[in-house]
Each structure stands twice: as structure tokens, then as C-alpha cells.
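Novice: Each chain, letter by letter, is given below.
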Amino acid sequence: MKLSVLLIKPPYGDIQAAEAVRHAMGAIGDEIDVTLLLVDDGVYLAKKGQDVAESGYTELGESVSDLIDMGCSVLVEKNSMREAGLDTEDIIENVKVVTGYEISETIKESDKTMIF
Amino acid sequence: MIVLIKNSPATSEGRRGLKIARDSSADIVLLQNGVYFAINEMLDGFCGTAYAVEEDLKMRGLADIKRGIKKIGWPELIDLMANEERVVGMF
Amino acid sequence: MAKTFTIFLTTSPYQSENTLTAVRIADSALAKGHRVNLIASGDGVYCFLKGQKAKGLPHAGDLFSELIKKGLKVYL
Numbered sequence: 000m001k002l003s004v005l006l007i008k009p010p011y012g013d014i015q016a017a018e019a020v021r022h023a024m025g026a027i028g029d030e031i032d033v034t035l036l037l038v039d040d041g042v043y044l045a046k047k048g049q050d051v052a053e054s055g056y057t058e059l060g061e062s063v064s065d066l067i068d069m070g071c072s073v074l075v076e077k078n079s080m081r082e083a084g085l086d087t088e089d090i091i092e093n094v095k096v097v098t099g100y101e102i103s104e105t106i107k108e109s110d111k112t113m114i115f
Numbered sequence: 000m001i002v003l004i005k006n007s008p009a010t011s012e013g014r015r016g017l018k019i020a021r022d023s024s025a026d027i028v029l030l031q032n033g034v035y036f037a038i039n040e041m042l043d044g045f046c047g048t049a050y051a052v053e054e055d056l057k058m059r060g061l062a063d064i065k066r067g068i069k070k071i072g073w074p075e076l077i078d079l080m081a082n083e084e085r086v087v088g089m090f
Numbered sequence: 000m001a002k003t004f005t006i007f008l009t010t011s012p013y014q015s016e017n018t019l020t021a022v023r024i025a026d027s028a029l030a031k032g033h034r035v036n037l038i039a040s041g042d043g044v045y046c047f048l049k050g051q052k053a054k055g056l057p058h059a060g061d062l063f064s065e066l067i068k069k070g071l072k073v074y075l
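Protein chains in written order, with numbering that gives the first Met the number 0: chain A, 0 to 115; chain B, 0 to 90; chain C, 0 to 75.
A portion of the hints provided could be inaccurate.
[To be verified] Partner residues aside, some chain A positions facing chain C, computed with beta carbon under 8 Å:
(1) D13
(2) I14
(3) G28
(4) A52
(5) S54
(6) Y56
(7) T57
(8) Y100
[As the list claims (entries may be wrong)] Below, simulated SDA-like cross-link-like pairs (lysine to any residue); rule was C-alpha separation at most 20 Å, straight line:
(9) C:K52 x A:K111
(10) C:K54 x A:K111
(11) C:K54 x A:R21
(12) C:K31 x B:K57
(13) A:K111 x A:G28
(14) A:K77 x B:N39
(15) C:K2 x B:R21
(16) B:K65 x A:D89
(17) C:K31 x B:K65
(18) C:K54 x A:G25
(19) A:K95 x A:T105
(20) B:K57 x A:T98
(21) B:K70 x B:D26
Source of the hints: derived by calculation from the structure; they are not laboratory data. Where a beta carbon is used, it is the ideal one built from N, C-alpha and C, also for glycine.
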């Protein structure tokens, strides 16, 4: 079973990014082959240097690294990244920068796609 | 006048907030996802003062942005709002 | 000079970041001696339900309870 988790929203401002991470982790726990796709404002999830300090939030940048360690592929769409004002060096290690076409192909090859 | 912007540059709310601030020569305060304006070219040539809430910048990995943005804590935001004739938002 | 801040909160506690922003503004304004009202409307009322169990994000029930002790006036 292949699952794509497509994130369109930025982290912290609303619950969507945390939900995408949570469901990706849950699916990996169930031995599902998960790819996390970050497009539009979703690319900010993979921004380096997030520091939640005393806010009470879970740091989602760390969760991205955890997902990769657990075997999840994390892909960032290049055009979205540029639109967001980010460069490759702003992105967390081992997150892959890909084209929009590759994002679409991944969705096409997945059994299910969850959108956040 | 101060315009508070909490939505990202990709949203109609965020863009509308910035436009209203520009048109009325207001200052802006960026908070929540609005802090992503700090790394967006839409803010180039903005004539007023752009403030951004430091806690919200830090959360998003933007603690060390250098552009002409004034980082403020929550207490400074309270002073800004208390001393301003009109506070609009949050967009 | 002490002023009155009135926060109009319409969002549910864990969907958006407004909970934390409202808490921070209320807390900082009270600390500076201002009066702070919070009007919860629509889904905002869910921030004030008893027995919330939140983890990994700011706990609305606990945070607003603390602020009420510090002088926050809440109207549902």
C-alpha cells in the first residue's frame, strides 16, 4: 500500500501541518509506504531552524527529520519553494527538492492521497 | 494606523492586509503565518514600518531574517496597539 | 495610561494559532495594567469547555483559566 500525504498549508498557523505529520507517522507505524509531499505554503514545514521555545507547540521541523528516519520520503516542490522565498539551503537535510511533475507522478502511483 | 497580518503572502487575506496598509500609509505587524512576508518580495518598497512578532518568527525558523523588519515581543505589541489611534485586523 | 483591550475570539481552540495569539495579547496587556475583555463567539466558546485534553500544542483551557485568575474578563 502506497500513501501520499499532500500538505498545502504552512505549519503552526492552523492544525493541518501537524495533522499531516501525525497521519504520516501513524501510517508508517502500520507499515504503509508513505510519501509526504510539500507544495504551496506546505513547503515551510521543511524550513530549517524552527524553534517553538515556550509556545507549547510540538516542533514540526524535528518531526520531518523523524519521518525521514522512519523511512518516509519527503518531497518539496521546487516552484513552491521559490514562491515561498526559500532556497535549497533553507531546507532540512534529506528532504528532496522535486518538480511539480514528480509530485503529480507520485500521487498517480499512490493507492491513496490524503490532503491537508 | 496599524494593520495586523496573520495570513501568509500566498493568501488573499494576507495580500489584502498589505494592500490596505500600503494604500493608507499604515504600519504593519506580522504575526502567525503573516511572518512569512518577512522573506517575501511583496514587502519590497514598503514605506511604513514593518514589525514582526519574534516568537512567531522563531517558531518558523525565521529568527535571523535581516531585511528592515523590526522584531518585537508581545509586550511591545501591546504598547504599539495602546498608543495607536486605529488598529485593524487581523488579516 | 491604562486602556481597555477587547479580544473577539471566534475560532475553536486547536484548529488555528489564534488561541496562542489571544493568550499572549491578553497576558501581556494584563501585565502592563490594561483591562482585558475576551468575547468568545461561534466556535470560540469551545476554548472554555471543561476537561480539555490537549498535547503538543497550547492548552486553551489551562491557559485561559490562568488568565482569568490574573483578571481577564471572559464573555461567552
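Novice: Does K57 of chain B lie within 20 Å of K31 of chain C when you go C-alpha to C-alpha?
Specialist: violated (24 Å)
Novice: Is the straight-line distance between the alpha-carbon of K54 of chain C and that of R21 of chain A 20 Å or less?
Specialist: Holds, because 12 Å separates the two Cα atoms, which is no more than 20 Å.
Novice: Does the CB of Y100 of chain A sit less than 8 Å away from some CB of chain C?
Specialist: violated (33 Å)
Novice: With a cut-off of 20 Å on the C-alpha distance, tell me whether K31 of chain C and K65 of chain B pass.
Specialist: At roughly 29 Å apart (the allowed maximum being 20 Å), K65 of chain B and K31 of chain C break the hint.
Novice: For the pair supplied as a hint, K70 of chain B and D26 of chain B, confirm whether the alpha-carbon distance does not exceed 20 Å.
Specialist: With a Cα-Cα distance of about 13 Å, the restraint between K70 of chain B and D26 of chain B holds, given a limit of 20 Å.
Novice: Taking only the CA atoms, is the gap from K54 of chain C to K111 of chain A under or equal to 20 Å?
Specialist: Violated - the C-alpha atoms of K111 of chain A and K54 of chain C are around 28 Å apart, more than 20 Å.
Novice: Do the alpha carbons of K111 of chain A and G28 of chain A lie within 20 Å of each other, as the hint requires?
Specialist: holds (16 Å)
Novice: Quickly compare the C-alpha distance for K2 of chain C and R21 of chain B to 20 Å and report which way the hint goes.
Specialist: Violated. K2 of chain C to R21 of chain B sits at ~28 Å, over the 20 Å cutoff.
Novice: Just to be careful, I want the Cα atoms of K77 of chain A and N39 of chain B compared with a cutoff of 20 Å; is the pair within it?
Specialist: holds (16 Å)
Novice: Check whether the Cα positions of K54 of chain C and G25 of chain A lie no farther apart than 20 Å.
Specialist: At roughly 16 Å apart (the allowed maximum being 20 Å), G25 of chain A and K54 of chain C satisfy the hint.
Novice: Could you check if G28 of chain A really has its C-beta closer than 8 Å to a C-beta on chain C?
Specialist: violated (17 Å)
Novice: Holds or violated: K95 of chain A with T105 of chain A, Cα cutoff 20 Å?
Specialist: Given that 20 Å is the threshold and the Cα spacing comes to 13 Å, the pair holds.
Checked against the numbered hints above, the structure breaks hints 3, 4, 8, 9, 10, 12, 15, 17 and 20 and satisfies the rest.
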